[in-house]
Each structure stands twice: as C-alpha cells, then as structure tokens.
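Novice: Protein chains in written order, with the working numbering: chain A, 1 to 247; chain B, 1 to 247; chain C, 1 to 247; chain D, 1 to 247; chain E, 1 to 247; chain F, 1 to 247.
If you're looking for bench data, these hints aren't it; they were derived computationally from the structure. Computed from a prediction, not measured in an experiment: that's the story for all the values here. A couple of the hints might just be wrong.
The list cannot tell twin chains apart, which means a pair is met if one copy fits it or any two copies do.
Restricting the straight-line Cα-Cα distance to at most 35 angstroms, the calculated cross-link-like pairs of lysine-lysine (DSBU-like) are [to be verified]:
no. : residue 1 : residue 2
1   : K156      : K2
2   : K2        : K179
3   : K179      : K156
6 protein chains.
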Amino acid sequence: MKLAELTWPEVEALSREIVVLIPTGSCEQHGPHLPVFTDSILATAVAEGAEARIPDRVLMTPTLWLGASGHHLAFAGTLSASMDTYMGALTSVISSLQRHGFRKFFIINGHGGNNEPNGVALRQIKEQLPALMIGHSGYYGPVAEETADVLEGPFKEIRHACEAEASLMMHIRPDLVRKDKLRDDGLAPEPAVYGMIHLFDEMTEEGSLGYATLGMPAKGKAIFDAAVAALVKQLTALHEGYVLRGF
Amino acid sequence: MKLAELTWPEVEALSREIVVLIPTGSCEQHGPHLPVFTDSILATAVAEGAEARIPDRVLMTPTLWLGASGHHLAFAGTLSASMDTYMGALTSVISSLQRHGFRKFFIINGHGGNNEPNGVALRQIKEQLPALMIGHSGYYGPVAEETADVLEGPFKEIRHACEAEASLMMHIRPDLVRKDKLRDDGLAPEPAVYGMIHLFDEMTEEGSLGYATLGMPAKGKAIFDAAVAALVKQLTALHEGYVLRGF
Amino acid sequence: MKLAELTWPEVEALSREIVVLIPTGSCEQHGPHLPVFTDSILATAVAEGAEARIPDRVLMTPTLWLGASGHHLAFAGTLSASMDTYMGALTSVISSLQRHGFRKFFIINGHGGNNEPNGVALRQIKEQLPALMIGHSGYYGPVAEETADVLEGPFKEIRHACEAEASLMMHIRPDLVRKDKLRDDGLAPEPAVYGMIHLFDEMTEEGSLGYATLGMPAKGKAIFDAAVAALVKQLTALHEGYVLRGF
Amino acid sequence: MKLAELTWPEVEALSREIVVLIPTGSCEQHGPHLPVFTDSILATAVAEGAEARIPDRVLMTPTLWLGASGHHLAFAGTLSASMDTYMGALTSVISSLQRHGFRKFFIINGHGGNNEPNGVALRQIKEQLPALMIGHSGYYGPVAEETADVLEGPFKEIRHACEAEASLMMHIRPDLVRKDKLRDDGLAPEPAVYGMIHLFDEMTEEGSLGYATLGMPAKGKAIFDAAVAALVKQLTALHEGYVLRGF
Amino acid sequence: MKLAELTWPEVEALSREIVVLIPTGSCEQHGPHLPVFTDSILATAVAEGAEARIPDRVLMTPTLWLGASGHHLAFAGTLSASMDTYMGALTSVISSLQRHGFRKFFIINGHGGNNEPNGVALRQIKEQLPALMIGHSGYYGPVAEETADVLEGPFKEIRHACEAEASLMMHIRPDLVRKDKLRDDGLAPEPAVYGMIHLFDEMTEEGSLGYATLGMPAKGKAIFDAAVAALVKQLTALHEGYVLRGF
Amino acid sequence: MKLAELTWPEVEALSREIVVLIPTGSCEQHGPHLPVFTDSILATAVAEGAEARIPDRVLMTPTLWLGASGHHLAFAGTLSASMDTYMGALTSVISSLQRHGFRKFFIINGHGGNNEPNGVALRQIKEQLPALMIGHSGYYGPVAEETADVLEGPFKEIRHACEAEASLMMHIRPDLVRKDKLRDDGLAPEPAVYGMIHLFDEMTEEGSLGYATLGMPAKGKAIFDAAVAALVKQLTALHEGYVLRGF
C-alpha cells in the first residue's frame, strides 16, 4: 500500500502486522552526468518495486528526500538537511505512525551519507519504544555480491555517481542520464590512511567517484532486480514476525 | 527548471536572478474522501503549473511534504514533523542554496498548519541573511476572491478536505477522490470565542471541515488556474526584482 | 485577579474555571515618537482593563514583554528574544499553571511579530495537553471594524507606531508620546509582490509604518474601549465554558 | 535612563559608556504572607533606586521577572521558566544591546535560584564576546554585613520570604504584605549534610524559610538603602571603567 | 566500590542505599607549573580516598574530566565542554543509574567553573525526579577553614594553580609538578567592582591565580586529609539517610 | 605526548603537525565476566601503546569514556550518554584544540555503539572546519584479518564481551576478568532479517555476545599488538601528511 494515496479510514483498517517502509534519499550533486535527485529516485524505485510485489505486507511512505549531504555542499544544487533535521524527520514519521499502532518499520536508504544518522536516530527511537521492530539498510547493502559480479571497473561496490549508479539510472530513468557527460572521477588509489572524513570536493574533480563511463542499462537492471528481491524477502520476514531469542 | 532533474553544473550555470520555488505540503488525514497526500499534491501541482509557464524564471525544488500536522495526529496515517524539524527542513533548503549564490526564494504552501512555522522559520533566516528576498503564501491566499466566487456552500474560503479541496483534487487527481465517501463535516456554527487552538478530533467527526459534497471538477479548475496565474505573476515580479523603499 | 499580587494559598483557592490571561508585548523601536515599550504598555492596559471589569473570571499574569522582534533589531534599544526563547517563555507560563490545575488560557498580544510564534508555541502545548482550552489574539484583532471606522489615514488597520498606536498611547500614556516627533513613514504603495518577509529598516526610514501624525487621544480611547469590551466578552465566554462539537 | 520609556533615537544617542542594568526576579510562591512577585518587586525597586540616583550612568531595562523557580513549582501560582528559556532571555537582552554598541552590563538579581543560571548564561556570553564587561550579583550580596546587623532572628542572611524579605516588602510595598499571615517556617536545624539540592516542599510546610514574624519596615529600609548604595557604587565603578591587569 | 571495575551482576547486587559518588574535574591550563589534568587528578584522588575508607557505602563512577572551562580556552591544551554538553554528561550518568534503582548521589567537584553548571543540571534532575537525594560540593568547600589555616600567602582560599593546588599536587602527584616553573600570578588587588565575569587571560599573565611559589607537600597533605575526612562524613550521612522535615 | 600530563606552555610549544589522538570508550555491561569499563580500558590501552612508540607524533587526550550505550541500559551499571551529549563531548574536544591550532585528529574507538555518532559528529565538524584532517576507527577495524586468524569460535570478528574482548582483557587487565564467570551467550543463528536495531536484553541472556569461554591471553596479545601496530602506522601517515587529490 502507498500511504500517500490512502484515506485515513483505510489506514486505520490496515493490519498492524504490516511493515512500514520508509525510503530515504538525497538531493545532492551526482557529477556532471546524473541528476541531483538520483539517490531519491533509486531508493523510491526499489521501494516501489517491493511494494508492487507484496502490497498487502507493506505500507510505503513518501520518500524522505532531503538527506544528510553536507559533504557535497560545495557543489551547486546540493540540498542538505542539518543532522538534527534529518534525524528529526525520520523520527517524526515513525513516532507518528507508532501512535496509530504500527510496530514494524524498515528504512530503505539510497544515500550512503544517511547511514550513520539513520542508525543514530533509529537507536534513539528503539531505546524510547523498545516494542518497535525497526530495521534499516542501503538498498545496495544486501546485494553486494550481485553488484560485484556485475561491475566491470576496478571498484566492485557502489560509490557515488559511479558505474553502478549510472547503470541503475540508465535502467530506471534513462531520460535523466547525460550520456555525453559520463565521467570517471575520484579514482586515486587510497593512501595508507583509513577512516578519514572527506568532503567530495577534496576527493573528486567533478563530484563523482567511480567509473561511470562503464554504466550500462543491463547492469542496472541486474542490480535493481536483486535489490527488489532482497527487500521483498526482508519485508516478508518482518511481516511474518520473528523472535530474536530462542527461535 | 526542476532542480531534481538537473545536474550540478547545470545548476551552477543558472542566473542568480532565478526564483527558487519551494512547495510545502503535508501528509495528513483529509477525511474519508481525500488521500492523506492531498495538500502536497495540490501545492506541487500549482508549483509545477507555474514552473511550466515560466521555466527560465523558476528553480523549483522537490516538495517538502512532511508538514506540521500535530492537530491531525488523532487520525491514522497522519505524519507530522515536530515544529523544529519542520522549520529545520525549510531552513536547510534555503541555507543550502544561498551558499550557491541564490538570493530569491518563494515558498508556496498547501497546508494551513504550515503558515505559522513557515513565517517563524523564514523570519529567522531573513534576520541572519538580510540580503535574501524571501516570500511565502498559501497557493489559495492570493485567490481568495476567485475561490469565494466559485464556492456554493456557506463557507466561502478553503477549509480542510472541503468543497474547494475536493474540487481541486477532482481536477488534478480525480483517481484519488473517493466520490462515494464525500462528506460534509465540522459545520457547527462558530461559538462566540475567537482565536482558539483546536485539534481536528475536537472539531469534526471524520476529519474534514466543510462541504465536500459540493465538490466539482470545474470549480477545482477555476481555483487552480487562478492560483497558477497568481503564482506566475508573483514569481515574475520577484524575478524582475523590486525595491522596497523609494520605488 | 492579578497573579503578581496574590500569595500561593490565594491562588490555590481559586476556581479552576478561571481564565488565565497572559499579555504578550515587546520592547522594540516604535519610531521617533513612541517609546520602545509601546506594545507591552498597550497589551497590559487592555488586559488590565478587562481584569478590572471581571476580576473573578480572570487570573492575569505579568506581561511577557520580551517579544520576537528580530525585524526591528537594526534600531537601537530594540530587545528581541530568539524564537526559541520567546516560545519557551509562553510555554513555561502555561505549563507551570496547568500543573496547578488551571485549564483555560488566553493570550492577549500587543505585537504583530508575536502572532506566529504564539501560534506555534500554543499548538505544541495543545498537542501535548489536549484537555487545555487555549486561545490567542492581538488585542486589535476582534476590533478591526471599530478601528477602521476611527482611522482617518489611508491605512485602515493597525500597522506599527501608526495612527492607531499613536492614538492609543495618547489615551493610555500621553506622557510618553513625543508629540513633536510624530511622523508618517513606510508609506510606499505595496509592490505587486505578496507575502514577503521584511525587516523594518528595509521598509521605513525611521521605523514607523503609517500615519502617526493623525494620532488623537479620542481615537485611542475608542479603539481601547472596544478592545477591552471584546476581551471581556471573550474571557466571559471561555469562563462559562463552551463545547466545540454538538453545541 | 529607563529603556522602556525611551525612543530608539534617544537610545541611539546615549554614550556607550553607560551601564546596562538588568533586573532579574521571579514569580514564585513566597509563603502565605508575601505575594508571588516579591523577588521581582524587590530587584526592580533596588534597580530603580540606583537609576534614580545616577540616571546618566545607567540604562535600566525592564525586569526579567520569569525566573528559574522549578523548586517552588509544588506551590500554586509559581511560574518557572525552563533553564534554557531563563538563560535564553538574559542572553537575548544582552545580545540585542551589544549589537547596538553597548558594552557594559550588570545584572541585579532578586531570586537566589537565578544565581547559577545567570552565571552559566553570562559566562557563555563572555566567551563569545570577550570585549563585553559583564557583572552580576544578588541585590543582597554586597550588603550581607548590613543585613546581618539588622536581622534579629537566628538566620543572619536572606533566605526566602523571611525576616529580611518581609521587612523589605513592608518598606517597599506594605500593601502587599499579609501581616496576619506572617509565619516562621523551614526552621529545622541543618543536618550534617552539605550541598544538597532540595525542593521547597521538602524543606518547609508553607513555603517560607526563616523568621518572617520578625519583619519590620525599618529593617527593610536599612537593607534597601544599603543595597541601593552598593549598587550605585558598583555601577559608577563600571561606568568609569576599570582595567583588570596592571591597574 | 569502583563502578569501572565491577560487572553488571555485581552492580545489580548492590544495596540501593549506597551513595553514587561522581567526581567532576577539568582538563584546563594550570599555569606553567601544573599539568592540565590537575583538577581531575585532585577530585579523583579525594573521591578514591573516601571510597577506600568506606567502600561498602560508596559506588564511585569514573571521573567526568571534561569540564566547563571556556574561560581558560585562550591557553593551549585547555579542553572545554560546551555548557550543554557538560550538563548533559552529568545528567546522563545520574539518569542511567536511577534507572537501575540508585537514589543517592553526590558530586565531588575539583573545578570551580563546574559549580554553577553542576547546580543547574542537578536542579533540573531533582525537579524531574524528586525522590532522588542529590548533593554536590567542591572537595575544597567543606574544608575552607582547614585550608585557611594551612596557607601562608595572602589568599586564604583555593584559587587556581595556587598555593593550595600546588601543594595538593606535590602531595598527590609530585612527579607532575614543574617545581622550577612555580609562579605567583594574578595577584592584583581586586577593584571596587564585584561579581564580574572574567576570562583567565584577562586576569593573569601565565594562567595561574595565587601564590604557587609557597606550595609545599605537607600543606597539600593537610588539605587532602581534611577533604577526604569531610567527604567520608558526608557520604556516611547520606548513606545512613536523613529526612529533611521534622528530623 | 599525553595531554593530561602537560602544562599549557608545553602544549603551546608542540608542532601543529602532531596528531591529536582521542580514545572513545564506554562504561557499559560486558556480561558477568568482564567489567563495565572494558571498552574504555581497551581503547585506552591501544592508544597508550601507540603513543609510547611514537610519542613525538601523537598528542593523546584523556579517554572519552562515557559512550553511547543506550542499548545496554537494561543492565545495571551501564552509563549511557544521550546521543547529543556523546557527540557534544567529541565535538568539544576537537573544537577546543583546533582553536589552539591543531589540525590533525584521529579517534580510536573501543565501543561499536560509538561508531555512528562518531561519524555524525565528525562529519559536522569537518563541514564547519574543512581544513581539519580527521579520521576515526575502531581499534579492531584495521585488524579484522589478524583477529579472524586468532579466533577459534564460530564468530570470526569482535562482538561484545566475546572471545576477542575476553582475550584482550586477559592480556591487558587479567585482574579484572572473572574467569569463573566466562560465558557464551547471544549465539542464536541470525534470522533472515538484516539491519535490525536491537537492544542487548533482546539478544542475549546475560549481556555478552560470543564465545567468551574461548578467551585466552595469547589471543589477546596477538590482537592487541596488531591493533597498536596498525594505529602507529595510521598516525605516522597522518603525521607525515598526505594529500588526497593528485598524490
């Protein structure tokens, strides 16, 4: 079910075993070849793909598209929520719906920069409301293997406006890909320093990180289908319920 | 221009005389006949209508759909941001884009409950960044007269899930109107008490306020066209610039 | 009753049907002819006028004189609370007294810039404590008609340090009006742009907005008497109780 | 000078060597014999006394009467600001006036419970704006000796609604003292435990702490005159300027 | 008992009459002769001294060493928490342990700058959780007399990196005292101005305040032993319980 | 260098190429066999190990031991900072030292629950102060391979109070290990659900997660030595400087 299209008595009538699915994205620079809404488009598409397959098990909310994108702000058109605002939005959605009796939540994320604030916000909610069952993941998280299989460039995982994201956009919204601007960027070998915090204008020349020139629709389709399948499996497991200790 | 579809170099290349247009809506109960996304759908439609007519003067952002809807939370499916989060989101969008040099902003609002926090947030921004030109209004604000002309019920202005909003939805998204559930509600005459703060479950039986049974697509079209025209005029005036003292 | 003058056992003994009346004002520039405390003086005077007529129905608190006046800060002597502090003060007063069992509150406001934060703060309180009955209004709100009748200049409503406020001060505190400095200011016709956020140093030359040179004590008395009468009526209605649905 | 009564051009014209004097008080229970506004009345009276003697050296603001009184909230009629709101109000006043070029501030406090938040708030301001000269004190602080001389009961310092405060109110506002309700309370000998945080409903029976039955106008006058004299001396020293290192 | 060394079942097994002892210190400049951790070292040493003598009555937590030291930030190596963070840490410790059923808390403080935020934070906690018994004091507070007896310089109380603190460090951690750098500083006579807020770079030349050249281990031992004895007495009284009214 | 032991002139004299090393830990339940300070003890030990080998390249601060441990609060003795307080402490340390000119920071973390708030806080700092070089990692992060080699139980990575942590404590602080209480817990196979947020009382019986009964000092030594070596390498790389683009 898509929450946006329901009336309140229809929501009221839903089973509380249904899993609330909340897509989180961003509106941030994705190099010269992908639109700023890329992460939101992809997270929404994966969520819609799963909702379409098991609509009775899922209550999908609109996408929280205003992400935590401070590391991209040097590039025009990037909109970034403050961390407090970003976490507040996610918290507001969950606390609204738990008031209506919903107990199962899953956040499907399209922007790596949201991972940490998602974790912080969800842990705070869980500590306040321990009865809720809450999970979160990048749509790309559970399909790391499938993604590595598909990618041809040296980077075998999703980076930013890279081979994988370009491929996904070629599959989902090919009209928005500037094919003549596809660009490899941020390719410098990693130094012998780990765990560093970086801004994208420190790491790249035009904002992307990876081998976007290798993007192909078929690669996008493979990753997308795997991501939808993984999410369907996750939502089904949550819907059917699971107990953690003693199962 | 629609920001979501642009790349960052395309945003970078825009004139800074362009007016950033930010739609604000809600995801809140609209009675048994309209979907919870009504306000967001309508604000977005008016904004897109204006953007389509003067695309070179407008940079339209995605809709801030998570509104300040605490007074509707008793009804299932309502999502409400805390006031801080709501104001933080609006502030984040403007402060991101002013960093990129944009100076003209207009917020087109579809949810009455956002008016006050919009005002508070924008005044705080203006005090910090006095060089910005910032305006805000409900899409229905400047067309009060046209709306009154069109409405047949006793209420001559937009209320909530009322004759006007039902008509607008019949014009914009007729597929989402539950025509068999149209309902008049919240019709009690006003008591001799003004300025009271109310929750919608105090004022109505099923959440709507007004004469939705009188909704008609043609009324919606009339209000919509007037709202788009008014917004185009406003954005054009802002784009061309105006000075306040001594003009 | 005036809270400030009572002892706690006297407060404890009051009926909880009594309406708590909270005046809100400002300490902000009012042009070269009116003192910075004008809004606080006027809101307090109207509140005292009502309390004097129906003391048993009203528990009047001291005036929250530190208003939300950021748009006046360019002028010396303006004191402005941050929005959080302003809203926090109003919230603190109400939450203190609701702990003592009071349930009915009315805020009588003397400063237009407080309207929006009053609304935001009161809505937050109402959402937390739905059993409270809370209203708010400018003292000038319910007497718009009487005010328009009295004013001779082109502006038919209260602006700032204008014909109306100058008249009111001539009636209430004539000793504080600099009659030799009365000044018309901010008179420029409105541009074809609505809903703009402005600072007073953008709109005026010396801080006032309207035709203060037309101020007269008799006009002030007429507006003041009407405002007191309207407030008495409002407080009486609240004291006697009213139900919203089904009355 | 009293800020409340000035116009902005008059404030603008003041010397920036003038000392801004900010009274802080409370609206909190003071036993069955003194009104809830006692602290605000006394701090204001001392401030006005000093301002009257050296008006050209002092710019007195209205009294911040909403104090940090959470420890009195068990008694009806007590209004308490949250700590954030209380500190925010003081910060807002100083930051407003420092924008207008004022550099010297003194807070004269009438409520012991404000001492710590005054200290915290002022230190934060000083760290942000090191060029400001800021001081604060209870009006009773520098006259501890004179107070001890005057008091006849076993407590030789100001407590709460005690011999000293009752005496001061008999001198300043005798009409507000309930002479038939004067009461000694909270007289238990101190246990062998220091530094404990207590609520007033833990320590007293009816809210006062000390020997109010010993209150006399002449004692109040002696303390008051000493407090005004001490404040005049302080403000004069600040006005004339002093350097800390190497003087 | 030292909390740090216990397992959770051991903590669970403790009597809830035990007093939680929380040392608060700082990491801030202490002149050229004492290390930046001086306050934390001393508060910890006093706490450990008391815990060693009555381990069954005390549950000592690790030291909150990140103090409120903004007034020392001009000197390199000073770490200062914001006031909110400082108070939040203390609040977090107490609210964690009260969840586990502990009701008696005492904060032993080694840094004067923590006194006010300790008071503000603890009052907020007490207002929220009135059943808790909470006290706080500098370790030097109850031994003012013993300290005055011991000190030979003109200052008869603890200042900063002074005769007393140098002596204490010579007793507790002589290896960390730079004996060749001992220095008298900040000795200027007080001006006729009281209650002023100062930064240490305004008051001193090299950061210390007092006669450190007079420091001697024996003086430190005398103060330290008295401080431990006083704390033991306090903790014992709290452990045995005391009632405030009617004891 | 250990900051705690330095005087401010000694800190002032340091090269600003030095890397500030900040250990972060926790005070939280670690099952019936390890003390609540385990994470802080281990992070501190690793940091001290690195500092001892390259003291001139490192300025080690005291350990931020109050971690984000809300998911352990059901177990007595766990102290948890609120997320705001936890992030505020880390921010305060860095912002204090950057004021003194230090530019290179590395956080060595001993508690998995701190990873996300560390990331959020450091990203906020980096966005405000882009010139800083900031990194963070668990001490166990870069030695995942060495750890897997050493562990004999089914879990090949650090969990909580597990084979690895028990071994490390047997190496570092054997006196604090309750060898008779070593326990395997939380061993249930993972369900087909990923990314779930859990409290430790949902996942375990007595708080530990993993095969602590397999703990051995030699395993601890191997992991510890590898962790120290990895950190030394990291700090050296940061000290020598590296450029991200074009190196």
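Novice: For each hint, tell me whether it holds in the structure or not.
Specialist: Verification of the supplied hints:
| no. | hint | in the structure |
| --- | --- | --- |
| 1 | K156 - K2 | both (34 angstroms within a copy, 33 angstroms between copies) |
| 2 | K2 - K179 | both (33 angstroms within a copy, 19 angstroms between copies) |
| 3 | K179 - K156 | within (22 angstroms within a copy, 44 angstroms between copies) |
Every hint, counting from the list given before, is met by this structure.
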